[in-house]
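There are 2 protein chains.
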Amino acid sequence: MAETDQALPPSDQLAAMNLTDTVEKHAFSDRVLIRSIVGRPDGGAGLAGQRVRAGGWVKTGREQGKGTFAFLELNDGSCPANLQVIVDAGLAVLSKLVATGTCVVVDGILKVPPEGTRQKIELRVEKVVSVGEVDPAKYPIPKTKLTLEFLRDHLHLRARTNTIAAIARIRNALAFATHSFFQEHNFLYVHTPILTTSDCEGAGEMFQVTTLISESEKLEKELIKNPPPSEVDIEAARQVVSERGEAVKQLKAAKASKSEITASVAELNKAKENLSKLEERSKLKPGIPKKDGKIDYTQDFFARQAFLTVSGQLQVETYACAVSNVYTFGPTFRAEHSHTSRHLAEFWMVEPEIAFADLQDDMNCAEAYVKYMCNWLLDKCLDDMQFMAKSYDKGCIDRLRMVASIPFVRISYTEAVELLEEAVKGGKKFENEVKWGIDLASEHERYLTEVKFQKPVIVYNYPKGIKAFYMRLNDDLKTVAAMDVLVPKVGELIGGSQREERYEVIRERILEVGLPLEPYEWYLDLRRYGTVKHCGFGLGFERMILFATGIENIRDVIPFPRYPGRADL
Amino acid sequence: MAETDQALPPSDQLAAMNLTDTVEKHAFSDRVLIRSIVGRPDGGAGLAGQRVRAGGWVKTGREQGKGTFAFLELNDGSCPANLQVIVDAGLAVLSKLVATGTCVVVDGILKVPPEGTRQKIELRVEKVVSVGEVDPAKYPIPKTKLTLEFLRDHLHLRARTNTIAAIARIRNALAFATHSFFQEHNFLYVHTPILTTSDCEGAGEMFQVTTLISESEKLEKELIKNPPPSEVDIEAARQVVSERGEAVKQLKAAKASKSEITASVAELNKAKENLSKLEERSKLKPGIPKKDGKIDYTQDFFARQAFLTVSGQLQVETYACAVSNVYTFGPTFRAEHSHTSRHLAEFWMVEPEIAFADLQDDMNCAEAYVKYMCNWLLDKCLDDMQFMAKSYDKGCIDRLRMVASIPFVRISYTEAVELLEEAVKGGKKFENEVKWGIDLASEHERYLTEVKFQKPVIVYNYPKGIKAFYMRLNDDLKTVAAMDVLVPKVGELIGGSQREERYEVIRERILEVGLPLEPYEWYLDLRRYGTVKHCGFGLGFERMILFATGIENIRDVIPFPRYPGRADL
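As you go down the protein sequences, you meet chains P and X in turn.
The first sequence begins at 1 in full-length UniProt numbering and counts up by one.
The second sequence begins at 1 in full-length UniProt numbering and counts up by one.
These are computed hints drawn from the structure, not numbers from a lab.
Treat the hints with care, since some could be wrong.
No copy labels: a pair is met if it fits in one copy or bridges any two.
Result set (DSS-like, lysine-lysine): computed pairs, CA atoms no more than 25 Å apart in a straight line [as the list claims (entries may be wrong)]:
hint	residue 1	residue 2
1	K252	K111
2	K252	K145
3	K66	K489
4	K294	K225
5	K272	K143
6	K455	K478
7	K120	K478
8	K290	K221
9	K435	K145
10	K145	K285
11	K294	K111
12	K25	K371
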C-alpha cells in the first residue's frame, strides 16, 4: 500500500518539494496542524502527494483487511475535523494504535482516497514515529459520546472529547474577539485586582483570602515540637536577671575596674534578652489570633481582611478617569450556594469603562461588541459552530446571524413593564408579579427577547430602588441610567450604566442605601477631583458562550468549573 | 480670539466639513482622541482649520495676557503628548480651568500656532462644554512630578500621572502582543482556575480561600440574637414527647376512634419534630467547625481546603494533551513575606504549553515570543518608550532593539557554571559560591546576560536536584530538560521545561522528591493514556514590563499592587 516517490505524478513531486509553502508546519513543532490539511476549502484534496508529519489522538480506529492495515481518525485539536490515517501492519503493531485516546505521530504521504468516501484526503503512513498507548479497558473516557455530566467528573481528560474541544476553540475565539474589539476601539486593557479590600456591593457573597489559618496551624505544630516556656521557666529567668542586676550594683559600689563592670553589664543584658524572648514566646497561643474577642486581622497577610473580587468596575473606574477608555477581562468570584445551571463560584467577566460617554454611548458600545463577537464566530469558527448546531442547538448559527445583523430593540424599563402587563392581560402567566418597581425576573426578560421581540432587547432607565448606588440618577429622581442587554437563550447577557459623576449626588446615594462613606472615600475622590461623565458595563463571558453554543449548563463552558462542593484539580 | 467660519480660508472650511474623514472621533463618545491629533506624524499640523470636540484632564494650565485667556495642556490618556488648548476669558471662569487634574470638554477649532512654539497645532476654544473642577489646595497629586513611592499611596489617582499612564499603555500593548503572538501561532487561550485544590509545588506559599470564617461569624451573631436552647429547654421538649407518646399509647389501649388516634399521633410527631430541631440547634457552636481537633473542611465552600493558584501549568497541560497548543494568561499568587522590588503577592503570568514539542521547540518559542513583544513595543508604543527613555532608563529603546534582532545565546547549565568559575578565577566576586549543582542566583544570571554576553542568554539542562519533578529527565540521569531565559536588567524572565511524558519515570520522580502520589493521579493519567511529548514555559508578565521600561520597582508596573501589609482598594 505504501508508494515510492517514483510513483508520484510530477506535479505531486513538485508539491512535495514545496511542502512548507502549502502545508503549514506548526512553528514550534515538526508536525503540521491537521487543520492546515482538512480545514482547507478543498478538504485537503489539493495537497495530494505531499509528505507530512502529523500528530494527534485517535478518535476512532479499526483494523481492516484481516489485520493487514488500520484506519485511524486522528485529531490534534486544531479543528473539529479528523485526518484519516492508514497504517500498514508492517509498520506497527496495529492493535496498539486503534484504541480511542491513543496518541500517534506519523510520517506519511497525502493521497486522494477512492471515490465514494467522505474524506477528500487521507494520509498513507510511511513511518510510525511515536505512540502513546491507551489501555481501553482502563481509559476513563473510552467512548466518543459521553454525557456532559459524566465528563464533569473527568475534568483532566474531557478536553479530548469533540464537544469540550469545540467549546475550547469557541471560548478562545470569543476571548480574542473581545481583545480585538476593544483594542480596535482604543481601549486599554487594565488588570484590576483579584485580591481586594473593597467590598463592591455587600460582603455576604465574597470569598475570604487569608494566611491566618495556615500560620496558626504552623504555630500549633511548632508549639507541640517546642513547647512554650512555663511560668516556672519565666520566674527562673527573672531570678537570673535580678541576680545579675545585683552583681552589677555590687561591682559599681565596690568601684570595680571598668572591664569588670562592662563584663557584668553584658551578662545582665544577656539575661534580660533571654527573659524577654521567653516572655514573648509565652504569649504564643495556638489558634487564630484574636483581639477583644474578634479575629485580629492586623496579623493577616495584608494587615486587614481581604476578599476575592466580585467585580473590577470600581477599580477600573480609576483608570477610566485618567486614560479615558479601558476594559478589564478577568476572573470574578461569588461565594453563593447556588446549584443552578447558570451560576459559578469563579467566572470571567468583561468590563469596559468609557469616559466622556453617557448611557447612549454605553448601549452603542454593548451592541457593537456583541455583534462583533457574533460576526467573529461566523467568520472564524464556522466549523465548530456547525458542530454545535448538529449536536446541541440547531438554531445557534441562525441566532448568531440574526444578532449580528438586526438592530437591538431599545425600550425603557417603564415600557418593558407595560409590555409585560399587556402580556398578562392577554393571558400570559408569570410566576413573579409584574408591576412598576420590580426587578425583572429571568422569565420576564426571556419573554421580552424570545417571545415579544424575538431579538436582542436593551432595557434602560430602571427604578433606582433596585439598582446600585453608583448608577447615575435621572432627572425624574425615580430612575437611574442603567441598561441591561437581553438576548434569546440566556436572557440577561450584559448589565451596565452611566455612573453618577456628581459628588453630592453619589455621596447622598451611598448614605441612602445604608453604606458607610469611609470605604468609598477613594471612589468619591474620582468625583471630587476632575470628575468626568462616564459609563460602562459587564458581560458574563460564560453567558456569552452559552448564548453562542446553546450549551445548557455553564459548568461545561469553562475549563475548570468551581461550584459549591466542587473545585477539582 | 475666537474666529467665525467666514474668517477661515476655503481649504480649512472644506476640512472642517470633512472632519470625520480626517480626525478620528471616538466610536462611543462625541469627542476625538487627542492622539488622533497630536499623535500624527505631522504633529497635527495638517488638521488646521478643523472643528473638533476634545476632552481630557489638565496637565498644566496658566492664565496669560493679564487674565484674558488661558493655556491648558490637555491629556486624555490616549498618548503621552498633550493638546495645547487656548480658552478666552469670555468663555469660562479661567481660574476654574487651570488647576492640574481639572477635567474639561471643549469645542474648538484647530490652528497652527505662531512660529517658534513647540506645538504643531493648538485648539482655540469656541465653547467650554463641561468642567470637572479641582481644588488645588486639596488635590492629593497636584504637581506633575511626584515620586513613584509617594504615588503608591494614591493608587486611585496615580494613573493620571505621565509615568503611570505610559506604563498602562505599555502594559496594554504587551498584553495584546501576547495574545496576538499566540493566536497567530495557533495556540488556544485557556482559562486555568484561580481557585485550586491542587498544590503545584508545596503549600507553604499559598493563600487559603474560605467561607468558614464568615460563616462562623454569621452564626455567632445569630446565636447572640437567638440563643441556642438550654439543657432545660431540651429536657422540657423531651418531656412533651414522652407525654404525647404516652397519650397515643393510652388511646390505642382504650381502642379510641381512628380520628382520635390520628390526631394524637400528629401531636406526637409535632413534638418530636420540635425536639429534634432543638437538639440540632443545641449542637451549634460559635467558631470555626472542627472535627477530631482539626478544622472540618467538609463544611467549607468547596467541601475541602482551597487555595489561590501559584501556576496554571499542571492544569493547562490537560488541555495541551488534548488540543496541542495552548496558553494561559492570568493572575497567580504567592503568600510570600518578601518586601523586595521584584516580588508581588498577586502577579500575572503567561504560560504556553506545546504538545509534540521538545526543549528545542520550547526555547524557539520563548525566543520568538520575547522578540515579538520587543518589536511590538517599538512598532506601536515608540512615543511611550521615548518617554521612558527620557525619564527613567536611557538605554531602554536600544535594549528592545538589541533583543529583537540578536539571536539569544544558548548554553547548558554546565557551560554556564564553567563560565562563572572562570569569572571567579579572573577576580569576579559573587556572594553565592559557584559550583556545579547550585541554583544560579540572580547575581550569576545577571553576570551572564549583562556582563559576559551582554545579550539574552538561555541556560538549559539544569541539575535535577534543583528543579521540579515534572521536568523531563535527560539521558545522563543527572540533569533535566529545563531552560531559563535571562535578559539584561531583570535576569530571569522565563522559566520552562520539556515535561516528563514517561509514566514510570514521572511516578518515580514524584516519590523521589517526597510528594504523595494521590493528589497527582489526574496528572499521571495524562501519561497513562495517550501520552505525548510536550513542553512549556512561564513568563512573569510584570518582569517583562520592568525589562521593557527600566522601571525599578515591580509595584509600579501593575495597576493595583498587592504585597505584605498592603492591598489598597
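Right, here's what the structure says about each hint:
Proximity of K252 and K111 under a CA criterion of 25 Å is satisfied in neither setting, with 105 Å inside one chain copy and 88 Å between copies. Neither within a single protomer nor between protomers do K252 and K145 lie at most 25 Å apart by alpha-carbon distance, with minima of 93 Å and 59 Å respectively. Taking CA atoms no more than 25 Å apart as the test, K66 paired with K489 passes in neither setting, with 50 Å inside one copy and 65 Å between copies. Taking identical chains as interchangeable, the C-alpha atoms of K294 and K225 lie at most 25 Å apart only when they sit on different chains, with a minimum of 17 Å there against 28 Å within one chain.
For the homomeric pair K272 and K143, neither the shortest alpha-carbon distance inside one copy (74 Å) nor that between copies (50 Å) is at most 25 Å. In the homo-oligomer, the alpha carbons of K455 and K478 never lie at most 25 Å apart, since the shortest distance is 28 Å inside one protomer and 64 Å across protomers. In the homo-oligomer, the alpha carbons of K120 and K478 never lie at most 25 Å apart, since the shortest distance is 64 Å inside one protomer and 49 Å across protomers. Proximity of K290 and K221 under a CA criterion of 25 Å is satisfied in both settings, with 19 Å inside one chain copy and 17 Å between copies.
In this homomeric assembly, K435 and K145 never come within 25 Å of each other (Cα to Cα): the closest approach is 47 Å inside a single copy and 56 Å across copies. In this homomeric assembly, K145 and K285 never come within 25 Å of each other (Cα to Cα): the closest approach is 56 Å inside a single copy and 48 Å across copies. Taking identical chains as interchangeable, the C-alpha atoms of K294 and K111 are never at most 25 Å apart, the minima being 75 Å within one chain and 65 Å between chains. In this assembly of identical chains, the alpha carbons of K25 and K371 lie at most 25 Å apart only when taken from different copies (20 Å versus 33 Å within one copy).
In summary, the structure is inconsistent with hints 1, 2, 3, 5, 6, 7, 9, 10, 11 from the numbered list given earlier, while agreeing with the others.
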